[in-house]
Amino acid sequence: MKGQKVVLYFYPKDSTPGCTVEGIDFNRLKEKFARLNTVVFGISRDSLASHQKFIHKFRFRFDLLSDADEKICQLFDVIKEKNMYGKKVMGIERSTFVINEDQVLIGEFRKVKAEGHAEAILEFVKENS
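Read in order, the letters of the sequence shown are residues 1 to 129 in our numbering.
No lab work stands behind these hints, which were simulated from the structure alone. Take these hints with a grain of salt, some might be off.
Unchecked claim - Across the chosen pairs, the derived CB separations fall in these ranges:
1. Leu-65 with Gly-107: 16 to 22 Å
2. Leu-48 with Gly-18: 34 to 40 Å
3. Met-84 with Lys-32: 22 to 28 Å
Unchecked claim - Computed cross-link-like contacts, DSS-like style, restricted to lysine-lysine with a CA-CA straight-line distance of at most 30 Å:
4. Lys-71 with Lys-111
5. Lys-80 with Lys-113
6. Lys-71 with Lys-87
7. Lys-13 with Lys-2
8. Lys-82 with Lys-2
9. Lys-13 with Lys-32
10. Lys-113 with Lys-53
11. Lys-126 with Lys-87
12. Lys-88 with Lys-32
13. Lys-57 with Lys-80
14. Lys-71 with Lys-2
15. Lys-113 with Lys-30
16. Lys-2 with Lys-88
17. Lys-32 with Lys-113
18. Lys-30 with Lys-71
19. Lys-13 with Lys-111
20. Lys-30 with Lys-2
21. Lys-53 with Lys-82
22. Lys-82 with Lys-113
23. Lys-2 with Lys-87
24. Lys-30 with Lys-13
25. Lys-57 with Lys-30
26. Lys-13 with Lys-126
27. Lys-30 with Lys-87
28. Lys-87 with Lys-113
29. Lys-111 with Lys-88
30. Lys-111 with Lys-80
31. Lys-32 with Lys-2
32. Lys-53 with Lys-80
33. Lys-111 with Lys-82
34. Lys-82 with Lys-57
35. Lys-82 with Lys-71
36. Lys-111 with Lys-126
37. Lys-30 with Lys-88
38. Lys-126 with Lys-88
39. Lys-53 with Lys-30
Just so you know, even glycine gets a beta-carbon here, dropped at the ideal spot from N, CA and C.
Sequences and hints are given; from them, build the entire structure.
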């Protein structure tokens with residue numbers, strides 16, 4: 001990916017409400033990211049089959065990466081303790097990382113809210129172009 005900016009956004013689970021909103025927003029802005037020489041990837045622990053269903057259902061035009069063994073999640077330190085219906089579980093904390101053309105991390109966004117996040121990342125990329 002050298003020579004392009006990369007947006008790598010981590011999300012908890014395919015086809016859940018917040019993750020769907022986030023994916024639809026990144027998909028809607030795909031061409032604007034492309035004009036800024038930026039490629040977007042979503043990543044979760046879901047399987048490739050789950051990703052394919054999610055992509056097909058919402059007609060995503062960008063790739064979703066499967067990290068079932070959590071190696072990339074651990075590298076970016078996005079597995080955190082979460083409270084789900086009163087029960088503590090380990091899961092992906094919604095986070096986004098922006099990497100520049102020289103493969104240097106230039107943006108790190110943690111504990112983000114799905115709604116409006118893609119637009120905020122697009123603005124960050126514009127400001128750092």
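The hints, checked one at a time:
1. Leu-65 with Gly-107: 16 to 22 Å: Hint holds: Cβ distance 18 Å, inside 16 to 22 Å.
2. Leu-48 with Gly-18: 34 to 40 Å: 21 Å, violated
3. Met-84 with Lys-32: 22 to 28 Å: The hint (22 to 28 Å, Cβ to Cβ) is violated, given that Met-84 and Lys-32 are roughly 34 Å apart.
4. Lys-71 with Lys-111: Holds. Lys-71 to Lys-111 sits at ~20 Å (cutoff 30 Å).
5. Lys-80 with Lys-113: It holds: about 16 Å lies between the C-alpha atoms, which stays within 30 Å.
6. Lys-71 with Lys-87: Status holds; Cα separation ~24 Å.
7. Lys-13 with Lys-2: Measuring from Cα to Cα gives roughly 28 Å; hence the hint holds.
8. Lys-82 with Lys-2: Since the Cα atoms of Lys-82 and Lys-2 sit roughly 34 Å apart, the hinted pair is violated (cutoff 30 Å).
9. Lys-13 with Lys-32: 25 Å, holds
10. Lys-113 with Lys-53: This hinted pair holds, its Cα atoms lying about 23 Å apart.
11. Lys-126 with Lys-87: 40 Å, violated
12. Lys-88 with Lys-32: Distance of about 38 Å is beyond 30 Å: violated.
13. Lys-57 with Lys-80: 28 Å, holds
14. Lys-71 with Lys-2: Satisfied, since the Cα-Cα distance of roughly 21 Å is no more than 30 Å.
15. Lys-113 with Lys-30: Holds, at roughly 19 Å.
16. Lys-2 with Lys-88: 39 Å, violated
17. Lys-32 with Lys-113: 21 Å, holds
18. Lys-30 with Lys-71: 26 Å, holds
19. Lys-13 with Lys-111: Holds - the C-alpha atoms of Lys-111 and Lys-13 are around 15 Å apart, at most 30 Å.
20. Lys-30 with Lys-2: At roughly 19 Å apart (the allowed maximum being 30 Å), Lys-2 and Lys-30 satisfy the hint.
21. Lys-53 with Lys-82: 26 Å, holds
22. Lys-82 with Lys-113: Answer holds: Lys-82 to Lys-113 is near 15 Å, not above 30 Å.
23. Lys-2 with Lys-87: Outside the cut-off at roughly 42 Å; violated.
24. Lys-30 with Lys-13: 21 Å, holds
25. Lys-57 with Lys-30: 17 Å, holds
26. Lys-13 with Lys-126: Holds, at roughly 28 Å.
27. Lys-30 with Lys-87: The hint is violated at about 36 Å.
28. Lys-87 with Lys-113: 21 Å, holds
29. Lys-111 with Lys-88: Satisfied, since the Cα-Cα distance of roughly 17 Å is no more than 30 Å.
30. Lys-111 with Lys-80: 10 Å, holds
31. Lys-32 with Lys-2: 19 Å, holds
32. Lys-53 with Lys-80: 26 Å, holds
33. Lys-111 with Lys-82: Distance ~11 Å between Lys-111 and Lys-82 Cα, so the pair holds.
34. Lys-82 with Lys-57: Holds. Lys-82 to Lys-57 sits at ~28 Å (cutoff 30 Å).
35. Lys-82 with Lys-71: 19 Å, holds
36. Lys-111 with Lys-126: 22 Å, holds
37. Lys-30 with Lys-88: 35 Å, violated
38. Lys-126 with Lys-88: Distance of about 38 Å is beyond 30 Å: violated.
39. Lys-53 with Lys-30: 19 Å, holds
Going through the hint list in order, the structure does not satisfy hints 2, 3, 8, 11, 12, 16, 23, 27, 37 and 38.
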